[in-house]
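Just need the whole structure built from these sequences, with the hints factored in.
Protein chains: 2
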Amino acid sequence: MDIKFVAPGEIEAQSMAMITKELGDRELDPKEAPIIKRVIHTTADFDFADNLVFSDGVVDILQEAIRRGATIVADTEMARAGMNKKKLASFGGHVECFMSHQDVAAEAKSRGITRAAVSMERAAEIPGPVIFAIGNAPTALIKLYDLIGEGRIHPTGIIAVPVGFVNVVEAKELILRTNVPHIVARGRKGGSPVAATIINALLYSMP
Amino acid sequence: MDIKFVAPGEIEAQSMAMITKELGDRELDPKEAPIIKRVIHTTADFDFADNLVFSDGVVDILQEAIRRGATIVADTEMARAGMNKKKLASFGGHVECFMSHQDVAAEAKSRGITRAAVSMERAAEIPGPVIFAIGNAPTALIKLYDLIGEGRIHPTGIIAVPVGFVNVVEAKELILRTNVPHIVARGRKGGSPVAATIINALLYSMP
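Protein chains in written order, with this note's numbering: chain A, 864 to 1070; chain B, 864 to 1070.
Bear in mind the hints are in silico, worked out from the structure with no lab data behind them.
This one's a predicted model, so the numbers in the text were calculated from it and none came from an experiment.
A virtual CB, placed ideally from N, CA and C, is assigned to each residue, including glycine.
Warning: the hint list may mix true and false statements.
As the list claims (entries may be wrong) - Sample of chain A residues facing chain B (criterion: CB under 8 Å; computed from the structure):
#1 865
#2 869
#3 881
#4 932
#5 940
#6 975
#7 1005
#8 1033
#9 1034
#10 1051
As the list claims (entries may be wrong) - Here are the computed lysine to aspartate or glutamate pairs in the DMTMM-like style, where the Cα-Cα straight-line distance is at most 20 Å:
#11 B:867 / A:1036
#12 A:972 / A:984
#13 A:972 / B:873
#14 A:948 / B:940
Unchecked claim - Covered stretches of chain B (chain A as the covering partner; in silico rule of three or more C-beta atoms under 8 Å from a C-beta of chain A):
#15 876-889
#16 905-912
#17 1019-1030
This is the structure we're talking about:
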């Protein structure tokens, strides 16, 4: 096994070519393909070619919202760290993450619920288009589902890609049942980098 | 599929119990087990039960270094964001990430190498025990390998878990050849959350 020097600017293109090759003759929707491939690039896990579920027209809807300066709500600082905030800002958008706010932690503790759930209530007060990018906390999705059902929140879209074991599969299935435009990583897999990657893939493939 | 309410403080324990159960009668080294399980918890990917390679005594060595206030060098802000910096600080340690330093970007560009490679040269100047936690850039590992060979750097340990396609497998194999204590995720898989998780698992299982 030899290391071949690859110029920094060519590493991503070469990775993408390897992914395209390994996907073989699999037919991907042309709007979904850049997102699926970038998630595989981030995870080296081809399971995402099967796991990712896109609601009708979701890519157009989310990109249009980003163009109008949508706020992205992340459920972890890791996801926020991975998003291209500069590119987002060029459209007037930014990323919010309420998880580390001290009053969120205090309220979560006193109510016996997760910080992620409290964060979603905070997010319900954000004006303008909002895209949720949830890569960690299924409780965030459960709270979102409830708030949507109660008519207390009207997200432009939900990226539902938490990873894990407890209520993760179930919480994603809840989001699949909503009428809110969504991209969901069905099953246990996902994560903060997947959430960040989907936002970045949307940004990089803006028409 | 029903959502069952799980108290926030019990979600992790319940996840870990599920992981232990699904690992079945697989025998794990007692020092390695908390790290392997926490990586599976982070990724929902049982491949890591096979992929993670530990050099002899590495867990003890890294924990001892942390106790002496080791500096952790991360190759992404995402990995840094995921590490428990408070717990690390309780031992006098902190996390460095040179990737976003402006002069690193400028130098990388002028030399035609990656920021990650330049970052490793910067890291070579850090005094005291240093643990590298590399979850993204194989070029960081290649540069580390060269600096070790040249005697210009003497890391206490290397966590070598980049994810991806171009030179990722090969760069990890280089680290496996060194005498530096290491934890390596063999193959393509890994990532910033895996790097952060291994640091956290070391912190949480300090004897």
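Which hints from the list above does the structure break, by number from lowest to highest? Violated hint: only 4; rest satisfied.
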